[in-house]
Amino acid sequence: MTEKKRMTALRLHKALYPIWRNDPGWKGVLTTVNNNTIGNMFILGATGMFLAGGILAMLIRAQLASPRSAFMGPEIYNQIFTMHGTIMMFLFAIPFFEALTVFLLPGMLGTRDLAFPRLSSYGFWCYMIGSTIMIVALVAGVAPDGGWFMYPPLSSSAYSSGINTDIWLLGISFIEISAIGAAVEVVVTVLRYRAVGMSLDKLPIFAWYMLVVAVMILTAFPPMILGSLILELERAFDMPFFQAEHGGDSLLWQHLFWLFGHPEVYIIFLPAAGVISMVLPVMARTTLLGYGWVVAAAISLAVLSFGLWVHHMFTTGIPHMGLAFFSAVSTLVAVPTGVQIFAWIGTLWKGRPEMHLPMLWILGFFVTFVMGGLTGVMVAMVPFDWQAHDSYFVVAHLHYVLIGGYVFPMIAGIYYWMPVLTGRKRFFRMGETAFWLVMVGFHGTFLLLHWAGLLGMRRRIDTVEAGSGWESINLLASISGFVLAIGFGLVILDVAVNAFVAVRGPRNPWKAGTLEWATPIPGPSYNVASIPVISSRYPLHDNPDLPVQIARGEGFLAWPDRNRRETLAVSISRGEPEFISVFPKNTIVPFVMAVVTSVMFMAPVFKWYWLMFIAAAGVTVLALVWAWANGSRRDEGLLDAGRGVSLPPHTEVAYKPGWWGSLFLLLADSVLFGSLLFGYAFLWTVAPNWPPPRILQPGILGPVLALAGVALASSGIRLGDRAIREDGAPWRGLLASLAGLAALGAAAATVFAGTTYNAHAYDATLWVIAGYVIFHAGLAGLMVLFLLCRIGTGYVSARRFGDARVVRLWIDYAVLTAALGLGAAWLPGVLP
Amino acid sequence: MVGGSTPLVLAGCEERLSAVHPAGPAADIIATLWWVMLGGAAAIFLLVVVLLALAFRRDEGPSGETADKRRETVWIKGLGLGFTMTVLAALTAWGLLIGERLLPRPGPDIVTVEAEGRQWAWRFSYPDQPGRVTEDVLHIPAGRPVDVRITSTDVIHSFWVPRLAGKLDAIPGHVNVLRLEAWEPGEYAGVSAEFSGAGYRSHGFTVIAHDAAAWDAFLAEELP
Chain A
1 MTEKKRMTAL RLHKALYPIW RNDPGWKGVL TTVNNNTIGN MFILGATGMF
51 LAGGILAMLI RAQLASPRSA FMGPEIYNQI FTMHGTIMMF LFAIPFFEAL
101 TVFLLPGMLG TRDLAFPRLS SYGFWCYMIG STIMIVALVA GVAPDGGWFM
151 YPPLSSSAYS SGINTDIWLL GISFIEISAI GAAVEVVVTV LRYRAVGMSL
201 DKLPIFAWYM LVVAVMILTA FPPMILGSLI LELERAFDMP FFQAEHGGDS
251 LLWQHLFWLF GHPEVYIIFL PAAGVISMVL PVMARTTLLG YGWVVAAAIS
301 LAVLSFGLWV HHMFTTGIPH MGLAFFSAVS TLVAVPTGVQ IFAWIGTLWK
351 GRPEMHLPML WILGFFVTFV MGGLTGVMVA MVPFDWQAHD SYFVVAHLHY
401 VLIGGYVFPM IAGIYYWMPV LTGRKRFFRM GETAFWLVMV GFHGTFLLLH
451 WAGLLGMRRR IDTVEAGSGW ESINLLASIS GFVLAIGFGL VILDVAVNAF
501 VAVRGPRNPW KAGTLEWATP IPGPSYNVAS IPVISSRYPL HDNPDLPVQI
551 ARGEGFLAWP DRNRRETLAV SISRGEPEFI SVFPKNTIVP FVMAVVTSVM
601 FMAPVFKWYW LMFIAAAGVT VLALVWAWAN GSRRDEGLLD AGRGVSLPPH
651 TEVAYKPGWW GSLFLLLADS VLFGSLLFGY AFLWTVAPNW PPPRILQPGI
701 LGPVLALAGV ALASSGIRLG DRAIREDGAP WRGLLASLAG LAALGAAAAT
751 VFAGTTYNAH AYDATLWVIA GYVIFHAGLA GLMVLFLLCR IGTGYVSARR
801 FGDARVVRLW IDYAVLTAAL GLGAAWLPGV LP
Chain B
1 MVGGSTPLVL AGCEERLSAV HPAGPAADII ATLWWVMLGG AAAIFLLVVV
51 LLALAFRRDE GPSGETADKR RETVWIKGLG LGFTMTVLAA LTAWGLLIGE
101 RLLPRPGPDI VTVEAEGRQW AWRFSYPDQP GRVTEDVLHI PAGRPVDVRI
151 TSTDVIHSFW VPRLAGKLDA IPGHVNVLRL EAWEPGEYAG VSAEFSGAGY
201 RSHGFTVIAH DAAAWDAFLA EELP
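Taken in sequence, the protein lines are chains A and B. The first sequence: position 86 = 86 (the working numbering), numbered continuously. The second sequence: position 216 = 216 (the working numbering), numbered continuously.
Source of the hints: derived by calculation from the structure; they are not laboratory data.
Ranges between beta-carbon positions, derived for each pair:
| id | chain 1 | residue 1 | chain 2 | residue 2 | range |
| --- | --- | --- | --- | --- | --- |
| 1 | A | Leu638 | B | Arg57 | 53 to 63 Å |
| 2 | A | Trp436 | B | Arg144 | 47 to 57 Å |
| 3 | A | Pro319 | B | Asp128 | 18 to 28 Å |
If you only want the chain B side, here are some residues facing chain A, beta carbon under 10 Å, derived:
| id | residue |
| --- | --- |
| 4 | Trp34 |
| 5 | Leu54 |
| 6 | Arg71 |
| 7 | Leu79 |
| 8 | Pro162 |
| 9 | Glu194 |
Think of the CB as a built atom: it goes at the ideal place given N, C-alpha and C, for glycine as much as any other residue.
Just chain A, same shape as in the assembly (with noise of 0.2 Å):
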């Protein structure tokens, strides 16, 4: 490289970085939204409560290692192993992935942020906040005790009276916003922002895992989140859902837990699995075999695992040929594990593995998850599981899935980013006696506990009975788990010894071949100096000069001469360039949001219902704040993007970025939607108790409300948005439709005063329909309000609509909920 060449880069980067960097000192940890920042501090989080939740398994097995142990009786014992579950799950498995993602993912895409840098502050600040909450409610002896899965009627509050079940259900999905908002930041990143050139088919393999693992998200938490919510509602206002004779049914919680729970198991797995295909071909000297076959293999991973949330109910008394479709399905999830495992292996024969120490956790892995995946069939099984379920055997089984198929690959992927990461070369090798202690401490903990189940040890039981058989067992068991204690212990201290006092490393020390190298290390706050233009997987390989290129700002949108975050948008399949994104600046608001939303989710715990009512005014007020401060007041038409390519900003394209992460929300909201009406058919063919003693008349009012609001809601809109693209006057369409919500919220209203809330499931699951189909519509008004406002203020012209094609979204969104909701509630009535 040249003087002049090393100049033209320094001066560009003395451009950038004014404009991204991070608010100096303390006030820049609340404000920042810059993924490399958020995704440290989110690491960090993460890893803490995998202390967390690793203190409190070695309590667990101290408490197992001799028989009759008196070291905590169960009322303790039960907290324990029930937040040892939860954290590992909740507050540690899905945000260190996130988390991970958050960090690496723009940098691979070879972009300068996540689409909604505000959306990773909140998501961040939420989960540390609960995160907090749930710590606090363990040391306060008030966390929750009836296993992480709360089978009512045991969280009911006939059995559970304290608050411990509510911090759990109310504390758990405050933590998910934080899982719902990195799932739709990352679809709508890896689909709108990315080189010029990646085309779907050139995607790293990791943002192909993300992609599938959030679009999973999307749609595997609402069921658990409207299971929490309705829970909550019988805990606090004695609506039925689950009591049996009150028409409800215990095993709707199963059903809404596990249409959760066993997606989730892969949700876990697939990024590790990105992970192992990023990094084992780069360990082998050689690229990923099949990645088409690798794609393949992690959608329909994705698909199947919704279709086996059943084999955690085969002792449920389900007729056995529904058992057997499930099991069927069980084994076919086999089928892409196996796909992915023997491409991975059939890689490792193609190159030159090199005994690195990521290829060293990577080999554990394989051992680990094999074994587990193995075990996974057995309890597939439907017979066998009969004798499996809920002994040691499957708590064996699900750590070796967990910690093999997941923790493993990840630390495998923190050694090799640690460049990325931390810009330091390891140095320290306490690495490899790691390995080996957690290699030793694992198999010694968990092996022979698989033989405990069969013996009879069931998962739970506070302490192993004295001529048991399991005696010797479970003391090896503990013994081993200190070992694997320490061996995790030495990791993290490697880790961050490295991290903060190793040599500063070269770019790029593993010759990889992906866009997350092309960066100095660690990464600038702007990520890329340019949006670098690429033609293959792996543009490194190509091009060994690419980082210089887009260093010197060869690349898109290199000069920030418009002094603003801007960042570029491409078309969906191909990479091409379509329009200038605009990020935010640098603010406080996210954390403020937070903090009043964790008090909203809060304060029913202790029954303040007034003060959830106050939070909830506020979270809608600062969001109002939030989306004000995203537009411009003027039409700024084609503007250069560098190379000879000009591009309208975000705010005149007709379906700007918020109107994409709309509807992927959307999306989530609508696989809630769905849960609830299959509440609601499962528990009108199932419960028993049913039909319910007095059905709903909808009469004539009702009806004639919710279809003058559909016509009214959807074609006011219309009008509104077509006045606006003429430059005509838009008033009249927007009041019609804000009519029209208000009376499908009416509509809405009419079930409430012909049913009594607490009376039948049936009558308590037509509340939360009609409370669904308000909300929703009120929502939708409030975006029509802020319309009209953003109209007033000019925000919005012929040439920036895209406010108006969000709001357009969200009212067609109420309009067929309230219509599908209102039907289902109707139909009953009026059938003969």
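Chain A is already provided as a structure; the job is to place chain B on it using the hints.
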């Protein structure tokens, strides 16, 4: 049969809850399934480890598109799809057949008993002798199929006698039917296998299997 049955005298205290020391046909079929699956799993595991080890002991293979196409055929279509699907299809079919055999189908000579779980006890009743109720002890005849009608009055429990059969949940508002049979007279330990709160660990019961004479005597006994 790989696992075999352990005569009662050999099944000491340590095996009293063991699913792999069957004392009845249902548990026996499942134990056999387990041993066969263990053998198959061990073989597949060894195959994977050997393939992994060989990857490190070879020279780099040929490169280029044709070589990759051939590799995809061998590794992905052959091993990934062909091998896994064959093994899994066979296993699933077998599991389905076994499951069908374990179902409570109508037949002659079947005895029905009722089990009702609650925190933290079991109450057993006998339609053959209405009014007869036992707490935490279930009496059955040996050598005859028994249908246990299982339910709960409070939270979810699970009825599990590992040496006789798999477990089945006791769910409020539902009645589930489990078929079990003891080959020999004797006592068999049972436990609840669904977490139910503070008293979960000791939520157990005993099954006493009687020979024909003792069973008749039990039914004929005066009501307590």
